[in-house]
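Peer 1: Here the protein sequences line up with chains V and R, keeping their order.
Here the numbering used here = 1-based position in the first sequence + 57.
Here the numbering used here = 1-based position in the second sequence + 1.
Honestly, the hints are just simulated from the structure, not real lab data.
Small disclaimer: the values here were computed from a predicted structure and weren't measured.
Glycine included, every Cβ here is placed at the ideal spot set by N, Cα and C.
Quick list of the computed label-pair ranges, beta carbon to beta carbon:
#1 V:V109 - R:T80: 38 to 48 Å
#2 R:R17 - V:E126: 45 to 55 Å
#3 V:E119 - R:N24: 31 to 41 Å
#4 R:S26 - V:F77: 42 to 52 Å
#5 R:G30 - V:G73: 44 to 54 Å
#6 V:N141 - R:G16: 39 to 49 Å
#7 R:T57 - V:D108: 28 to 38 Å
#8 V:G73 - R:R17: 46 to 56 Å
#9 R:M60 - V:D95: 24 to 34 Å
#10 R:G16 - V:D95: 33 to 43 Å
#11 R:H78 - V:S64: 34 to 44 Å
#12 V:K60 - R:N24: 32 to 42 Å
Cut-off 30 Å, straight-line C-alpha distance, at most; resulting in silico cross-link-like pairs (BS3-like, lysine-lysine):
#13 V:K110 - V:K75
#14 R:K4 - R:K70
#15 V:K60 - V:K114
#16 V:K60 - V:K128
#17 V:K112 - V:K127
#18 V:K70 - R:K101
#19 V:K127 - V:K114
#20 V:K70 - V:K127
#21 V:K128 - V:K75
#22 R:K101 - V:K128
#23 V:K114 - V:K70
#24 V:K114 - R:K101
#25 R:K101 - V:K127
#26 V:K114 - R:K4
#27 R:K53 - R:K101
#28 V:K70 - V:K60
#29 V:K75 - R:K101
#30 V:K112 - R:K101
#31 R:K4 - R:K53
#32 V:K75 - V:K127
#33 V:K114 - V:K128
#34 V:K110 - V:K127
#35 V:K114 - V:K75
#36 R:K101 - R:K4
#37 V:K110 - R:K101
#38 V:K110 - V:K128
#39 V:K112 - R:K4
#40 V:K60 - V:K112
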Amino acid sequence: DVKVTQSSRYLVKRTGEKVFLECVQDMDHENMFWYRQDPGLGLRLIYFSYDVKMKEKGDIPEGYSVSREKKERFSLILESASTNQTSMYLCASSPGTSGRRSYNEQFFGPGTRLTVL
Amino acid sequence: DAKTTQPTSMDCAEGRAANLPCNHSTISGNEYVYWYRQIHSQGPQYIIHGLKNNETNEMASLIITEDRKSSTLILPHATLRDTAVYYCIVRPSLWQGAQKLVFGQGTRLTINP
Numbered sequence: 058d059v060k061v062t063q064s065s066r067y068l069v070k071r072t073g074e075k076v077f078l079e080c081v082q083d084m085d086h087e088n089m090f091w092y093r094q095d096p097g098l099g100l101r102l103i104y105f106s107y108d109v110k111m112k113e114k115g116d117i118p119e120g121y122s123v124s125r126e127k128k129e130r131f132s133l134i135l136e137s138a139s140t141n142q143t144s145m146y147l148c149a150s151s152p153g154t155s156g157r158r159s160y161n162e163q164f165f166g167p168g169t170r171l172t173v174l
Numbered sequence: 002d003a004k005t006t007q008p009t010s011m012d013c014a015e016g017r018a019a020n021l022p023c024n025h026s027t028i029s030g031n032e033y034v035y036w037y038r039q040i041h042s043q044g045p046q047y048i049i050h051g052l053k054n055n056e057t058n059e060m061a062s063l064i065i066t067e068d069r070k071s072s073t074l075i076l077p078h079a080t081l082r083d084t085a086v087y088y089c090i091v092r093p094s095l096w097q098g099a100q101k102l103v104f105g106q107g108t109r110l111t112i113n114p
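Using the sequences and the hints given, assemble the complete structure.
Peer 2: Encoded structure:
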């Protein structure tokens with residue numbers, strides 16, 4: 058089974074702190090994603106990566122950055138945490154393609170509930 | 002991506018089959034129907050997907066109408082652990098870059114003892 062793990066289930070940080078959220082997948086997937094999920098707003102894409110050292114902005118990248126130095130690891134960084142970044146953060150991965158039909162099964166981690174005070 | 006419409010909530014008795022409908026009348030020829038679910042306080046979980054033929058796996062069955070404008074996810078013997086929000090989405094089959102998932106409101110399924 059695909060396993061996507063996230064470094065913390067619950068995290069409490071103070072305004073202005075730099076926050077690192079780590080995600081690791083063990084299935085050699087090419088694509089990795091960071092979403093946040095808020096009540097009434099659904100799932101929103103922050104950043105994604107389709108290869109090592111490659112990254113693309115999603116719909117709400119402001120206030121975030123990412124790092125993908127190794128294929129299995131995708132980090133989300135909050136440069137200076139703010140209270141409006143209190144949310145559930147979800148990491149996902151999916152296989153890539155090499156001219157084959159794509160697979161849209163995204164495998165999610167358990168989520169990190171971040172509270173910024 | 003085509004829009005989907007699902008009932009807001011449904012109830013089902015434990016041990017019975019849960020049938021969750023989804024309308025996707027604007028689906029185009031290259032789009033697949035995907036189902037995910039999200040159990041409270043957990044990340045979403047992929048369930049099944051299909052194009053036009055009915056599909057079955059260890060979790061569920063997917064029935065797609067001949068005109069592909071609607072589908073039904075069937076959990077054959079629902080258990081209390083199947084209580085979750087179920088999302089139906091449609092996605093193109095061809096690779097178009099890493100694709101984000103966009104969930105609608107989904108159906109909140111409650112399995113009752």
